[in-house]
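Just so you know, the protein sequences line up as chains C and E, in that order. Take 0 as the starting number for the first sequence in numbering that gives the first Met the number 0 and just add one per residue. Take 0 as the starting number for the second sequence in numbering that gives the first Met the number 0 and just add one per residue.
Derived from the structure by calculation, the hints contain no laboratory data. The structure presented is a predicted model; accordingly, all values stated were derived computationally and were not measured. Careful, some of the hints might be misleading.
[Said to hold, decoys possible] Label-pair distances were calculated between CB atoms; the ranges are: (1) E/T140 with C/T224: 39 to 49 Å; (2) E/F115 with C/I103: 53 to 63 Å; (3) C/K251 with E/T189: 14 to 24 Å; (4) E/H220 with C/K216: 23 to 33 Å; (5) C/L116 with E/H276: 26 to 36 Å.
By construction, the Cβ of each residue, glycine as well, lies at the ideal position given by its N, Cα and C atoms.
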Amino acid sequence: MKKMKFAKIIFIIFALFPFYLSAETAEEQGLRIAKASYENGRGFTDMVSDQLMILIDPKGNEVTREVSGKTLENLDPNDGDKSLTYFKTPKDVEGTVMLSHTHISDDDDQWLYLPALGRVKRISSSNKSGAFMGSEVAFEDFSGTDYRKYEWKFLGEEMENNETFYKLESYPNYENSGYSKRISLIDNLNRTYKVDFYDRKGELLKTLYLEDYVLYKDKIWMANTMKVENIQNKNITIFKWLNRELDVGINKKDFEKSSILRLAD
Amino acid sequence: MLKKYIISFLFVFLQYLVASQNAAAIDYKAYGFIQPEITTFFNGDGRHDQSNSNQSIFVKGTFITYLNNGDQKITINTTGRIDEKDSERSYIDFQKFKYEQYFDDITLKIGNELIFWGVNESFNIVDIINQSNLAEDISGTKKFGQPMISLNYNHSYGNFDLFIMPFFKERIFPGRNGRPRLALEVDKSTVAYESSSKKNKIDAAVRYSTVYDDYDIGIAHFYGNNRSPELNVNPLSQKLDAYYPILSQTSLDIQSTKGAWLYKLETLTAKNGEERHFGIAGGTEYTIYGLRETTSDLGIIVEYTFDDRNDFAFNNEGVLALRWTKNDIKSTSLLAGLVADMSGSSNRFFAEFEQRIRDDLKVFIDMSINGEIDADDFTYAFEEDSQLTLKIAKYF
Chain C
0 MKKMKFAKII FIIFALFPFY LSAETAEEQG LRIAKASYEN GRGFTDMVSD QLMILIDPKG
60 NEVTREVSGK TLENLDPNDG DKSLTYFKTP KDVEGTVMLS HTHISDDDDQ WLYLPALGRV
120 KRISSSNKSG AFMGSEVAFE DFSGTDYRKY EWKFLGEEME NNETFYKLES YPNYENSGYS
180 KRISLIDNLN RTYKVDFYDR KGELLKTLYL EDYVLYKDKI WMANTMKVEN IQNKNITIFK
240 WLNRELDVGI NKKDFEKSSI LRLAD
Chain E
0 MLKKYIISFL FVFLQYLVAS QNAAAIDYKA YGFIQPEITT FFNGDGRHDQ SNSNQSIFVK
60 GTFITYLNNG DQKITINTTG RIDEKDSERS YIDFQKFKYE QYFDDITLKI GNELIFWGVN
120 ESFNIVDIIN QSNLAEDISG TKKFGQPMIS LNYNHSYGNF DLFIMPFFKE RIFPGRNGRP
180 RLALEVDKST VAYESSSKKN KIDAAVRYST VYDDYDIGIA HFYGNNRSPE LNVNPLSQKL
240 DAYYPILSQT SLDIQSTKGA WLYKLETLTA KNGEERHFGI AGGTEYTIYG LRETTSDLGI
300 IVEYTFDDRN DFAFNNEGVL ALRWTKNDIK STSLLAGLVA DMSGSSNRFF AEFEQRIRDD
360 LKVFIDMSIN GEIDADDFTY AFEEDSQLTL KIAKYF
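Full structure from sequences and hints, please.
Put into structure tokens, the structure is as follows:
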């Protein structure tokens, strides 16, 4: 009899086990996938790259903008990365340098060197929703890649192009965002495939496609093409990373305010 | 004479440096622009019978190269102008012509350099290293390169800079046909100095600067020929005689960045010749991002400056300005505002518009309109110089 009882308990535990697994809420599941997706791109130490931005208007007119950049990964998991961007074109902004110290909960620290003024200015970074160089990419699209900047929710799985994706909803938990929510599709390697951005009024604003994923250092997935289609104004921005190199051994001091002048003209 | 030797030496040294590199491996950047300008004045002939129009061409060229894996840098930055009416406004200047050597925490710099100190948009009272070219721009914001040897030490507590500056350059004022210009010409033949070494005096400055949280802080001391001369009417020549006292100036500049609000302060105490003076200037800049659900931003700038010298030109002035940036592909922007003497003796409205019209062309439209100015205010000489300038820059 006693044995019977033991078997019964075992049975009950096993019977409950699947239920225990699914006890993860949609929020927890969303957070888990978002975290895994974010960590997919971590561990690069530092990075250099050239970036090409192609702006296409509804008539098909194209202009190209070139920048080059360096990023320093912050090994402190509670603080953000540092990045240095050098502007090459359009020609009137050539020589402009921007330094960003990103933070997870606070506003980022940003400095700008403008050749026409010949001075380094500390600028406000509360401009989250502003357009980067007249493109469809907002500042928050660059600075807001950390999963901790959002509340997450798992919505289910979705088929697109014969592939199954996790579908996640996220809401920015920082101030001044231009978005009310984002809907992301993430593949089974935890790579983000597509993000729909909804404006403050809740209307679909733009769709971001992440393409040309490359595996670096056998563990880091990075998309080398980012395409943004604005649904409302019909503009398209294509952002390409060229010559991306990871772990090149950049000096930490290159990311200090005083080092901006080493790049400046 | 010595200056010529040193510049020749520097030039040969740079040539040697460049030549010693594998020619194919030299990586350099070279760019610049040429900018024709047309100005029209609204009040006919000026107070001093100048012309009611002017044409001018401004050029700027930049060359940068890094040698030895980026441990050394050579920067050449040249500006120049050919002016139709004012010969004093035609010039060429090596704003930067410098060699830099980067060690771990130390940067050594030799050559001509532009050093900017300060945080304000309008009154940069602590900015002292470079000489102003008032013929280029009467507000004094356009500067000449200053020859120097400079050391920077980058410590975890902040940055320490030392500047040793030979070769003082006299201030350039608008000439007889310049518009705007001072009521009287500045006599170049009677320039006098407090220092017995005159323009060969070696000036020096130190600066400590750091970033602490939301604060960018700079503390500096300058000792040398004042960049700004005293101008005294010579009753015989009916010209202005320039006298450069020795200036010993201690300054502080702070910016605090709190979200969309910037708070700025520059203050100084200085002994100019025998007399000590105090100055303070500062204000705020607030930006509304995404104005009325568009991509435009609107910045509101309010600044004020005070100086305890009664005879000083800018001893009680305020600025209220709006900066609109459209954040479009053409980088359209407009800055407009009012500069006013708070005691009510003068005021000026200004507007500066700019827009990229092609990938390598940019158009600038500057307007300046003077209100009524009291006859005893020094800007009375400019009262009839309200103007509109169109500039088109072609970039290379």
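Hints and how they fare:
Here the CB-CB span from E/T140 to C/T224 is close to 43 Å, well matched to the stated 39 to 49 Å. For E/F115 and C/I103, the Cβ-Cβ distance of about 32 Å falls outside the hinted range of 53 to 63 Å, so the restraint is violated. Separation of C/K251 from E/T189 is about 55 Å and departs from the stated range, judged on CB atoms against 14 to 24 Å. A C-beta distance of roughly 49 Å is found between E/H220 and C/K216, which places it outside the suggested range of 23 to 33 Å.
Our hint of 26 to 36 Å for C/L116 and E/H276 holds, since their Cβ atoms are close to 27 Å apart.
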